[in-house]
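Take a look at the letters that make up each chain.
There are 2 protein chains.
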Amino acid sequence: MHNDTILLAQLNPIVGDIEYNYNKALEYLKKAKEKNIKLVVYPELYLLGYPPIDIIERYPLIVEENIKYLEKFAQQCSDIAVLMGFCEFNKQKRGKKYFNSVAYINNGKIEKIMRKSLLPTYSEFSEGRYFEPANFKSQDRIINFNSLKAGIIICEENWNDGDFFQKPLYNFDPLEILVKEQHPDFIINLSASPTRTKKEQLLNNLLSHCAKKYSTPILYVNQTGSTDCITFSGTSRAYDKDGKLVARAKSYAEDFFEVTYPLSEKNRIEPLPKGVEKTLNSQKEFSLDYEPDLERTYLTITNAIKDYFNKNGFKRAVLGLSGGLDSSSCAVLLADAIGKENVIGISMPSKITSAQSKNDAKELAVNLGINFYEIPIKDMTDASSNTFNKVFDEINSAWGEYRYKAPLTFDNIQARSRAMILWGVSNEFSSTLPIATSDKSELYMGYATINGDMSGGFAPICDVTKTKLFALARWMNNNRKIKNAIPEAILLKPPGAELAINPKTGKPLLAEEALMPYEFLDEVIWRLENLQQKAQEMLEEKFLYEKRHNLTREQKKQWLEKFAARVQFAQFKWSIMPPGPIVDSRSIIRAEYIQPITSKLKF
Amino acid sequence: MHNDTILLAQLNPIVGDIEYNYNKALEYLKKAKEKNIKLVVYPELYLLGYPPIDIIERYPLIVEENIKYLEKFAQQCSDIAVLMGFCEFNKQKRGKKYFNSVAYINNGKIEKIMRKSLLPTYSEFSEGRYFEPANFKSQDRIINFNSLKAGIIICEENWNDGDFFQKPLYNFDPLEILVKEQHPDFIINLSASPTRTKKEQLLNNLLSHCAKKYSTPILYVNQTGSTDCITFSGTSRAYDKDGKLVARAKSYAEDFFEVTYPLSEKNRIEPLPKGVEKTLNSQKEFSLDYEPDLERTYLTITNAIKDYFNKNGFKRAVLGLSGGLDSSSCAVLLADAIGKENVIGISMPSKITSAQSKNDAKELAVNLGINFYEIPIKDMTDASSNTFNKVFDEINSAWGEYRYKAPLTFDNIQARSRAMILWGVSNEFSSTLPIATSDKSELYMGYATINGDMSGGFAPICDVTKTKLFALARWMNNNRKIKNAIPEAILLKPPGAELAINPKTGKPLLAEEALMPYEFLDEVIWRLENLQQKAQEMLEEKFLYEKRHNLTREQKKQWLEKFAARVQFAQFKWSIMPPGPIVDSRSIIRAEYIQPITSKLKF
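Going down the list, the protein sequences come from chains A and B.
So the numbering used here is basically just the index in the first sequence, starting at one, shifted up by 39.
So the numbering used here is basically just the index in the second sequence, starting at one, shifted up by 39.
Excised from the complex, chain A in its bound form (with noise of 0.2 Å):
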């Protein structure tokens, strides 16, 4: 029996930067030299970055670079073999301009080139868009090292099991065919597969049947760290013949991470994101229980907080603090993300403004250690609302009768004098990003500002609904080093914009009061993007919301109807804002989910 030691390189590239990647790939390279070790694998496409969208159609010279630095790279290993994921030309008569390949580099040379058959077209993925998909061929797929037979994957190949999928995407199975026909001692799966709610189950859930299915270990290596609103948690991994996890890399981090062959426990098993192993089995109804996703949500946020900046040359964070629990669990983000000195609360009061908001704004940053001022836009609302009664006043001649005179007018002054003063910020100081704090729940319902809260460089929250963003703030009270950051009256009381005046109640107009109870609207979305529901199934079920409280079928009816009305208004503002990482298992971020705003909903 063999006694090898393969290195999965899990590694964070950046898209496009090929001299980046090389250096980041040749260090890992050296250091296996160093130990000794025989075999180097690195992601998908590594060399040129996942995902490269659109840019390697406009910038045919990043393409050229990567082929380069591939052949550079190549003469280097005179006495290891490697694995590279790479962007490869199609020179064939026929098809797209580009291949999603893996070189296979042994003696100094490039020995084999394997071409990815599947490509993603759906969600986050568009490989579809500029890349062949390749004629399946076997006997391309196996690598000969130390006399054992390696079979090759590239990620969406292997996620296409007639048996473990209800329904695959595609109409024959890589992985089967490889199997059957090479019998290989064990598959080495290149992949570049993003973070989401339950993704970490369906991938366990997904390898370890294959693995055993085919009585066939799987090693896997994945890449790690944020491209704007995708983020790849690494955890790069391997199953034994049985189907068991015998190895798993570090989650959100680069990973020098040996495997040695034959599979055994002596491999290092690092731990997920707390909580995540919960998460095993598939969510078949909406909960409120999120703690088994929340470490894994905070690392998913920060991370790309972090790779956003750093790899886009932003140093420093403005936000608005409102005393709220957007704007709060935002800073935190931020703080632990750019470090607390990089990052700078403003409190903005205008009339309506309580004490209670600006205290808790304030204690928040005092806690978090962020910089802190308070500014009130008294001067600017004044100088708006002035400017804008006298506009009015003209165009009432003209169209007088469109007139709503409804105060949402002058409410949302107030919101754009605020990210008037953070763009203010951005352009003043050097490389100082202002970040736009609305969350999932808001603008599924267009409740957010233009110009106004939806403003900012980056949208740290904007795939996470209302009812989630509570237990994530508690998680980070809890969690963190500094515990309850988050002051306590933050989490207590009912989220408000705090825009308008309820002329019901004579205070700050409550955000449920506008739209409907969060329990509710968060239980639409989720069945809306996980189980693509009508109207009719939803009012028929019974949501969780109707086992705790009561409510009659005519609200509920109402509420639907509401919901579909504000989503349909809603698709103008989700096409204006700005990027945000992909948290949850669906989105309606750009990155992922397309809508024509000129159309109509039914549902």
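Any given hint could turn out to be false.
Copies of the same chain are indistinguishable here, so a pair counts whether it falls within one copy or spans any two.
To be verified - Capping the alpha-carbon separation at 30 Å, the derived lysine-lysine pairs in DSBU-like fashion look like this:
hint, residue 1, residue 2
1, 238, 641
2, 238, 132
3, 323, 132
4, 63, 107
5, 74, 148
6, 601, 136
7, 345, 639
8, 444, 417
9, 573, 148
10, 136, 581
11, 206, 176
12, 596, 612
13, 206, 130
Simulated from the structure, these hints should not be mistaken for lab results.
Place chain B on chain A using the hints.
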């Protein structure tokens, strides 16, 4: 010989509004019956509306509805045959959820269903995201119509000719297979094919080539109207077996278009937009002669505005009028698209605004007959400046070392105050949308203010470069009913944002001083988008600008480097641009081109 009339139903559907689309189809059907027409052909995916993008992923009820209405429609067709584009559920065990299908309805029944085999997934097309590509079997594509054999082709299946295209995108050619195996009497092509610069030339040459090559007439039906960024010109047509154009429907309008078979010169041939015929040879180099494309550009933008407003329930538009080219051109396009009474232009002068600019803005508004108001923004900018100064003094203690103290911060207050007023008008008056007036050249350079001139609900000229916009403005001045709406002074003055003073001249900073000459910039954009050229290639090749002006190699190199740096930085601005019509042969509009913000360009 037969003498049959076929109706090409060139219609403008609304995506997802099945009932609306059905009722329109029915109207044409009734009229066709009255005229004793035997076959009616509707465009690709007509019942659903094209492009659905992702809504059918989340809202399967829309697809259920389109099936229901298809069946209802079939019941109306006891005495007439119909080809109808619709979306079908894929009930097979593997594959994507849906097929892009065509139903052949005969004797009141759905007699045959044909499924699209080639699914465009590039640029503005994303069919691979949700449709399963069908196996192409030629026998399934024949319908017998009055003892004639018609072969049915769906859009992209016609765009894959190995003689016509240098590198066809797919590895088989459905049209070739259909003709060679089935010998149809003629081909019917159901399409949803958007307009672009040079597209008419491409389409005409391709269809003519195929008809001639196979000695088989081709009838082509296309939809019309716009969905967000994408506009369909209609222009359905027929080519005889010699490849000669013998029938052509209207452009940019619905058309009840009868074609008589056998094809002869008796058929109706509507004119193309003026000049388009002249573009029948592919443009090999950059040119400032935009004339042949200006009416098409004008029609594309005005139709896009009209449909964006009508289909989304907007009625009125408000925009800032600076007296410059961008806002003036937008005002003309808006007035023509939605009616002058529905447009408000607001001049919002600051201390930098010249008397000339104010006069020009007013004169334009008077010429157009739109509503016009002048509102100085001094109170707003003063209040903001004062507040900013307080904020910055405070922040100075923490981040003073990172402070720019560049005038940009305060310059931008002007643009943002103006956008605030426009959004205020939108909040206060029903169904009113603010307009973003940025042009393509400036967007490439990131020379647009976030929450300022870049902000709005629709961006009419975001795919028109500055040099082309000058030509378009002159064209509108010459070709609209009311001549010279745009004052000559606006066409003569060099562009500038009038936000800043150039310290060298003491006058408002001109855009070309801040950037580079537009003539040069627009050629760089053209070469990048059309030829995917690298900077090195551009450096070596002679630009039009170099034929007309002196330009040192050093200066050219500097401009190219500046271009690369600014485009890299502009990415995050592109991501929050509102939708606007795709006009050019390539665009940076997100409906077509997706670039990761987090990426390193190399060109």
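Verification of the hints:
| no. | hint | result |
| --- | --- | --- |
| 1 | 238 to 641 | within (29 Å within a copy, 34 Å between copies) |
| 2 | 238 to 132 | between (38 Å within a copy, 23 Å between copies) |
| 3 | 323 to 132 | between (48 Å within a copy, 23 Å between copies) |
| 4 | 63 to 107 | within (16 Å within a copy, 57 Å between copies) |
| 5 | 74 to 148 | within (21 Å within a copy, 72 Å between copies) |
| 6 | 601 to 136 | between (46 Å within a copy, 28 Å between copies) |
| 7 | 345 to 639 | between (38 Å within a copy, 17 Å between copies) |
| 8 | 444 to 417 | both (21 Å within a copy, 25 Å between copies) |
| 9 | 573 to 148 | between (56 Å within a copy, 29 Å between copies) |
| 10 | 136 to 581 | between (50 Å within a copy, 27 Å between copies) |
| 11 | 206 to 176 | both (23 Å within a copy, 24 Å between copies) |
| 12 | 596 to 612 | within (25 Å within a copy, 40 Å between copies) |
| 13 | 206 to 130 | between (33 Å within a copy, 10 Å between copies) |
Of the numbered hints given earlier, the model fails none.
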